[in-house]
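Peer 1: These are the residues of each chain, in order.
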Amino acid sequence: MSADALAVLVPVAGGLASPLVPERARRWFLLAIAVATFAALARLEPGARLALELFGVTLVPVRVDRLGLLFGYVFGIAAFLNLIFAWHVRRGVEQPAAMVYAGAAIGAVLAGDLLTLFVYWEITAIASVLLVWARGTPRAWRSGMRYVLVQLASGMLLAAGAAVRYAQTGSLDFDRIGLDGAGGALILLAFGVKCAFPLLHNWLQDAYPESTPTGTVVLSAFTTKLGIYALARGFPGTEELVYIGAVMTAFPIFYAVIENDLRRVLAYSVNNQLGFMVVGIGLGTELGLNGAVAHAFADILFKALLFMSMGAVLFRTGTIKGSELGGLYKSMPWTAGLCVVGAASISAFPLFSAFVTKSMILVSAAEQGHPWVWLVLLFASAGVFHHAGIKIPYFAFFAHDSGIRCREAPRHMLFAMGIAAALCIGIGVFPEALYRLLPYPVEYAPYTASHVLAQLQLLVCSALAFAVLMRTGIYPPELRSVNLDFDWVYRRAAPALVHAASTGWAFASARTGAASRALLQRIGRTVERWCGADGVLARTWSTSAMTLWVAALLAAYLLARYL
Amino acid sequence: MNEGKRYWLDSPENVTKLYRGIWVLGIVLVALDLVIHRHPELGLDALFGFYGFYGFFACVALVLTAKALRRVLMRPEDYYER
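In the order they appear, the protein sequences are chains C and U. Mapping the first sequence onto the working numbering, position 495 (from 1) lands on 495, and the numbers just tick up by one. Mapping the second sequence onto the working numbering, position 14 (from 1) lands on 14, and the numbers just tick up by one.
Derived from the structure by calculation, the hints contain no laboratory data. Heads up, the beta-carbon is just placed ideally off N, CA and C, and yes, glycines get one too. Check the hints yourself; a few may be wrong.
[To be verified] Taking lysine-lysine pairs in the DSSO-like style, the calculated list, with each CA pair at most 30 Å apart, reads:
#	chain 1	residue 1	chain 2	residue 2
1	U	Lys5	C	Lys330
2	U	Lys67	U	Lys17
3	U	Lys17	U	Lys5
4	U	Lys17	C	Lys330
[Said to hold, decoys possible] Interface residues of chain U toward chain C, partial, derived using beta-carbon atoms under 10 Å:
#	residue
5	Gly43
6	Gly55
7	Cys59
8	Tyr80
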C-alpha cells in the first residue's frame with residue numbers, strides 16, 4: 001500500500017531527473033514517466049492513506065479519495081496530452097518543468113494535510129513560471145515575474161492560514177475548513193488567488209498568453225483547477241462563493257469580446273468557466289459539487305484543446321492576434337475542425353462535454369432558489385459561446401482572408417488535439433463514464449428533449465446575434481490594443497503613486513533646502529556659542545565654584561526628598 | 001499552397017445562404033416550443049421561446065456593452081511597455 005502511495009512522487013522525481021537524460025532520449029523518458037504516473041494512479045484505491053509523524057505533527061502526505069483521484073486522473077491525461085503536443089520540443093527547461101508541474105498538481109490533490117499541500121502548492125508556482133519564462137521575451141520575463149509573485153503570495157497566505165489552524169485546533173488535516181474555521185479566511189484567500197477570484201484574477205490573463213505555444217496548454221490545465229479542487233474540499237457550501245462565482249462567470253466575457261490576443265481571450269474564458277465551478281462549490285449540494293468537479297474535468301480537456309489549436313496557429317503563423325489572422329481554414333483545415341470541436345464543447349452543445357457537466361450547476365442553482373444567479377449563469381453560457389465558441393474559431397480560421405498561407409499543424413500536434421477532441425465528444429456522448437467517477441452518486445439525466453431544445457435555442461440564437469451584428473457592421477472589429485483590467489492598479493497606478501511620492505519628496509526637499517540649511521547653520525552657531533571652545537559651558541571653572549554648585553545641588557535633592 | 005483554389009465560403013452568396021440558414025434554424029427552434037413541452041427550471045423559462053430570446057438579447061447586450069467599454073479601457077498595444 002505505501003509503495004503504491006509513494007508512486008505519486010514518480011512524475012516530480014522523473015521531471016527533476018529528466019534533464020540528466022540525453023536530449024535524444026529525453027522525450028521518450030518523459031513519456032515513460034507519464035505512462036508510469038498513469039499506471040500508478042490507476043492502482044490507487046479510494047481509502048488508501050500514508051500517514052507519518054514528523055516533529056510531533058501528524059502528516060498525511062497521501063490520502064486517496066474519489067475527489068482527489070478524479071483530479072489526479074485528469075491531470076495525468078493533461079500531462080500526457082502536453083507531451084504529445086510538444087513532441088517537437090526537445091531541449092530547454094520547458095518539458096521537464098511541465099512534468100514537475102503536473103506531478104506537483106497530482107501530489108497536491110492527493111495530499112491529506114495542509115503542510116504537504118503547501119509544499120506542492122509552491123512547487124507548482126515555481127515549475128509553472130519556468131513555462132512562462134521559456135518564451136524568452138522580455139515581456140514574458142516581466143509577466144512571469146508578476147505571475148510568480150502572486151503565486152508565492154498565495155502560498156504564503158496558505159501557510160499562514162495553516163499555521164493559525166494548527167495553533168487553534170492542533171491539526172493540519174485538510175478536510176472541510178469553512179469560513180468559520182480557524183484560519184479559514186486566509187486559506188480561502190489563498191485558494192481564491194489560484195481560482196482567479198475577481199480582482200485576484202489578473203495573473204492569469206497576464207501570464208498565460210505570454211508563454212510558448214506549448215507552455216500555455218500546460219498552464220491552462222493545472223493551477224486554476226488545483227484551486228478549484230482545494231475549494232471543493234475546503235469550502236463546499238460556502239454561500240459567498242455562489243456570488244463570487246456568478247461575478248466570475250460574467251465580467252470576463254466583456255473583456256473577451258474586445259480582446260485581440262486570441263490566447264488572452266481564452267484566458268478570460270478560463271476565468272469565466274472557473275466561475276461556474278465556484279458557483280457549484282458554493283451551492284454545496286451533491287448535484288452542485290458533482291457539477292463543479294465534472295465541469296473541471298471537462299474544462300481541462302476542452303480548454304487544452306482550444307489552447308492547443310491556438311498554439312498550433314501561433315506555431316505556424318507566428319502571431320495569435322485576431323487583427324492579423326483569418327481565413328486559416330484553407331491552410332490548416334484539420335486544426336480548424338478540431339478547434340471547432342473544442343469550441344462546441346466549451347459552449348455546451350448537445351453531444352459535447354460541457355453539455356453534460358455545466359448544466360448540473362445551473363440546475364442546482366435553480367433548485368437552491370438562486371434565480372438571479374441562474375440568470376447570470378445563463379447569460380454567461382450565451383456569452384461563452386459568443387467569445388470562445390464563435391470568436392476564437394471565427395477570427396482565426398474564418399472571417400476575412402488574411403492572406404496567410406502556412407502549413408497544417410505538425411502531425412503530433414494534430415494527434416494530441418485529436419485525442420482531446422475524442423475525449424470531449426466521448427464525455428458528451430457517454431456521460432455515465434464520467435458520472436461514475438464523481439464524488440457523489442449521480443441521478444441527473446442531461447439528455448431530455450426539454451434540456452436539448454433549451455440549450456439549442458440559447459446557442460443558435462446567440463450565434464444569430466453574432467451573425468446579425470457582423471452583417472450590420474456593429475460588431476467591434478479586432479484592433480491592435482490592450483484593455484485595462486485590474487492589473488492596471490499594480491502595473492500603472494501604484495508605480496505612478498510611488499513615483500509621484502518620491503518626486504514630490506525631491507521637490508519639497510529642493511524647495512525647502514535653502515531655508516533648512518540656514519536654520520541648521522543658526523542652530524550650529526548657537527550650539528558653538530554655548531558649548532564651543534570659548535562657550536560658557538566649556539570654560540574651565542574653579543574648584544571652589546564647583547564645590548559650591550555641588551553643595552547647592554545636594555541641598556536641592558534633600559529638600560525635594562522631604563517636601 | 002492552396003493558391004488559386006476557390007472555397008465554398010469565398011463566395012458572398014454562400015455566406016448569405018449560411019446567414020439565412022442560421023435565421024431559419026433559430027426560428028424553427030423557437031417554434032419547436034409549441035410542439036415540445038419544456039420542463040421549466042424556474043417560472044421564468046416557461047415563457048415561449050425564453051432561451052432563444054434570452055440568448056439573442058444577452059449577446060447583443062454583451063457586445064454593445066463591451067464595445068462601449070472599449071472607449072474607457074482600450075489603450076495602444078505598447079501601453080505597458082512605454
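Peer 1: Should the interface hint for Cys59 of chain U be scored as holding, given a Cβ-Cβ cut-off of 10 Å against chain C?
Peer 2: 4 Å, holds
Peer 1: The hint names Gly55 of chain U as touching chain C; please verify it with the least Cβ-Cβ distance against 10 Å.
Peer 2: 4 Å, holds
Peer 1: Checking one constraint from the list: CA of Lys17 of chain U to CA of Lys5 of chain U, max 30 Å. Satisfied?
Peer 2: 21 Å, holds
Peer 1: Decide if the proposed pair is consistent with the structure: Lys5 of chain U and Lys330 of chain C, CA atoms, cutoff 30 Å inclusive.
Peer 2: 9 Å, holds
Peer 1: What's the verdict on Lys17 of chain U and Lys330 of chain C, does the C-alpha distance respect the 30 Å limit or exceed it?
Peer 2: 20 Å, holds
Peer 1: Would the hint linking Lys67 of chain U and Lys17 of chain U be met if the CA-CA limit is 30 Å?
Peer 2: Answer holds: Lys67 of chain U to Lys17 of chain U is near 28 Å, not above 30 Å.
Peer 1: Let me know if the C-beta of Tyr80 of chain U comes in closer than 10 Å to any C-beta of chain C, holds or violated.
Peer 2: 6 Å, holds
Peer 1: Quick check on the hint: Gly43 of chain U CB to chain C CB, less than 10 Å?
Peer 2: 8 Å, holds
Of the hints listed earlier, there is not a single one the structure fails to meet.
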